[in-house]
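Student: Next come the chains, spelled out residue by residue.
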Amino acid sequence: MDRTSELKETIEAAIASRRPLCIVGGGSKNFYGRRSQGDPLSIAGHRGVVEYAPSELVITARAGTPLADLEQALAAEGQMLPFEPPRFGPATVGGAIAAGLSGPRRPFTGAVRDFVLGVKLLTGRGEVLSFGGQVMKNVAGFDLSRLLAGSLGTLGVILEVSLKVLPRPAVELTLSREVAIDRALDTMADWMGQSLPLSALAYEEPLLYVRLSGTERAVASAADRLGGERLAEGERFWESLREQQRPFFTEGNADLWRLSLPPAAPAPDLPGRMLLDWAGAQRWLRSLEDAQKIFRAAADLGGHATLFRSRGARHEVFQPLPESLAKLHRALKEAFDPHRILNPGRMYAEL
Amino acid sequence: MSTAKQALVRSLRKILPEDAILTEAEELQPYECDGLSAYRCRPWLVVMPWTPEQVRAVLALCHEGGIPVVARGGGTGLSGGALPLENGVLLSLARLNRILAIDPENRIARVQPGVRNLAVSEAAQPYGLYYAPDPSSQIACTVGGNVAENAGGVHCLKYGLTVHNVLGLSFLTVAGEEVSVGSGGLDGPGLDILALMHGSEGLLGVVTEVTVRLLPFPESVQVLMAAFDDVTWAAEAVAGVIRAGLVPAGLEMMDRVAIEVVEDFVHAGYPVGAEAVLLCELDGPVTAVEEESARAAALLRQCGAYDVRVARDEAERRRFWAGRKAAFPAVGKITPDYYCMDGTIPRHRLAEVLTGIERLSRRYGLEVANVFHAGDGNLHPLIMYDASVSGELQRVERLGDEILALCVAVGGTITGEHGVGVEKLDGMCHQFDPQALEQFHAVKRAFDPEGLLNPGKAVPTLTRCAELGGMHVHHGNLPHSELERL
Chain A
537 MDRTSELKET IEAAIASRRP LCIVGGGSKN FYGRRSQGDP LSIAGHRGVV EYAPSELVIT
597 ARAGTPLADL EQALAAEGQM LPFEPPRFGP ATVGGAIAAG LSGPRRPFTG AVRDFVLGVK
657 LLTGRGEVLS FGGQVMKNVA GFDLSRLLAG SLGTLGVILE VSLKVLPRPA VELTLSREVA
717 IDRALDTMAD WMGQSLPLSA LAYEEPLLYV RLSGTERAVA SAADRLGGER LAEGERFWES
777 LREQQRPFFT EGNADLWRLS LPPAAPAPDL PGRMLLDWAG AQRWLRSLED AQKIFRAAAD
837 LGGHATLFRS RGARHEVFQP LPESLAKLHR ALKEAFDPHR ILNPGRMYAE L
Chain B
54 MSTAKQALVR SLRKILPEDA ILTEAEELQP YECDGLSAYR CRPWLVVMPW TPEQVRAVLA
114 LCHEGGIPVV ARGGGTGLSG GALPLENGVL LSLARLNRIL AIDPENRIAR VQPGVRNLAV
174 SEAAQPYGLY YAPDPSSQIA CTVGGNVAEN AGGVHCLKYG LTVHNVLGLS FLTVAGEEVS
234 VGSGGLDGPG LDILALMHGS EGLLGVVTEV TVRLLPFPES VQVLMAAFDD VTWAAEAVAG
294 VIRAGLVPAG LEMMDRVAIE VVEDFVHAGY PVGAEAVLLC ELDGPVTAVE EESARAAALL
354 RQCGAYDVRV ARDEAERRRF WAGRKAAFPA VGKITPDYYC MDGTIPRHRL AEVLTGIERL
414 SRRYGLEVAN VFHAGDGNLH PLIMYDASVS GELQRVERLG DEILALCVAV GGTITGEHGV
474 GVEKLDGMCH QFDPQALEQF HAVKRAFDPE GLLNPGKAVP TLTRCAELGG MHVHHGNLPH
534 SELERL
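For the record, the sequence lines run as chains A and B. Just so you know, my numbering puts 633 at position 97 of the first sequence, and the rest follows in order with no gaps. Just so you know, my numbering puts 432 at position 379 of the second sequence, and the rest follows in order with no gaps.
Incorrect hints may have been included.
[Unchecked claim] Pulled a few chain A residues facing chain B out of the computed Cβ check, cut under 10 Å:
hint, residue
1, Asp-679
2, Phe-784
3, Thr-786
4, Pro-798
Hint data in this document are derived by calculation from the structure and do not stem from the laboratory. Using N, Cα and C, we set each Cβ at its ideal position, and we do this for glycine too.
For reference, chain A alone in the conformation it holds in the complex:
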């Protein structure tokens, strides 16, 4: 189950022949990011939970471990991955970290990178390195573990990761109510400014959805205070939102854009339909508008945009970076993968 030496040899061979590699976990997020040229490097067999101590709130697993296996192990102990990574199919742990995507609970408990405590990685120089560890607080050396979250395999092959986990809340309850979209943002901002046991806030026209998590009485009293209709199968709603199985995501031909914005930002002046998650900080847009216009609109509102799914070309996927920042990206790539072997071009053309 530990394929480290085999993976290391493959990288060394790739360096020698100067043939780039495309890192593949479960293949569930092939649609995401720019297309990368290279021979596939599968990490699927490099799997298994290495260590899990529930009282430590830490789990360590090899990157090829199916995310579902990890979540099952945690659920058996009443714990969870608080960032609720979307699976989009047979996702692996490594893929979830490399993609850096977080689900509806993100504004309340944190993002993928917030729960990364340590990694073992294989650099583009073929070196196996360990950073961070299994402890909550650690400031020894640069935090290269968190840097790898969302790096789309451009800096190294994640071999193993230690993640902080959290106990599952005793009770969860989902409420919905009908409101207009501009009113929805106000309501979300109002609730976010109060001491409430919130764990998700989304808006899919015409309904505002709120999930409450916590102790039985705290959830019940918050539900009384907020009002609205109780969803019998609330968790199914959040899962279908996270996995993009709702009609908003599946119907029609328009591109799916992800806008990351200040939560109270007004609706961007863009054509298309919109769905709000993360209490307004993550907005999904179905639109055929020109990419540059969408990037500009997001930036004008203090955020950024990502072309998440498209049936068309995937040249411009991520928000263009200002030159000062792009320069640091190139320098970091050089520091981890000087031969440009790993997922070249997956994030930005020059990375």
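Keeping the supplied structure of chain A fixed, place chain B upon it in accordance with the hints.
Tutor: For chain B alone, coordinates are given in the frame of chain A:
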């Protein structure tokens, strides 16, 4: 003044007002050290710009002249991270102390790096919001310094470290180029350089603006104090509380020595004679806090606490905390000197490590008080000594090394929140192998190819590790055999 220094001062005067340049010995003296006074160095000169634009100009000038720069915030650091250089500029950011905006709608604050940690919460208070990270020095330490050290505090078990509470940063590269990372939303495009900047100890860039996340005040806060007559049981109680699914806002522990010293100092009402005291804070909606307090009290008793007290009112809650917060000064009262360690360990090894520290304490004949963030395994053993006794400081450092080695041996780390600075450079040689250290240097070069930002801190050179003999030897092969060894 040397000619080189005179030339630099002349150039600085063109870009800075007169009062922003300190060159006289008596002006430089207060900057000789940060919170770790065992290491001192008179800075070559100190500059105190008023604006980010002036900071940029200073960096550009120094970069052009190949002059090293050490950035400094509140100077409260405990690892010598802001130790000046005798041939470089100490760049104080203390005057960049403006709160630029409080945005209650988006629950963020934009602040300059020299703003004190506590000032952020004070400014947000009228909106019912606060800034969660609360290092013990929060009255004096700055947000920029918090970013540089990825500072924690009592509440980070539940609310995270600085990195979890910062949404955006503007910083200047060594050449004075401005870079913004993160965004007004919950993430930024590209690689997570925002995360990388946290805990980078001023080696990668100089922060000029920080956007922090604000949280609503919890509706209710409650504190429990549990007394144990066996330190092992207290350690197990920590695991028990967390295993049961509770995530306290704070879970702090003190051992017998600390309890006695603190009680004598502040009369917090701690049970003198207990081998360990746990403070467990719960916060959130009123009903949740009621339910969780009852559960926590039952769990603590089950784990062997002989006395569990729930603070009856706000005054008592504050008194319980006053003891914990005064632990360092209290220890300072009874011993001429103390040395504060900062290791983190996996929680389940707590009892074993505490027993180990006690054994080492007896062997060295030096008393150790333990005050720590039990919830996240971050220990702060305070070694008491008298610096005027010849050779005692050296013994303290050896004991400290052994304690950190013990932390690393059980899977922990040499620093949880104070940073490496100059103090723990040797410890880094124990914790990381040469290839990992070289990767750190490669990252440093990506930001600062000439090594002008805070040189000599945080990441040891491979030569240093080789000299120390702390290099890992794999299969009997000495790594980097090309290096000179003295």
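Student: Against this structure, judge whether each hint is valid.
Tutor: Evaluation of the provided hints:
no., hint, in the structure
1, Asp-679, "holds (5 Å)"
2, Phe-784, "violated (20 Å)"
3, Thr-786, "violated (25 Å)"
4, Pro-798, "holds (4 Å)"
This entry does not satisfy hints 2, 3, going by the numbered hints stated previously.
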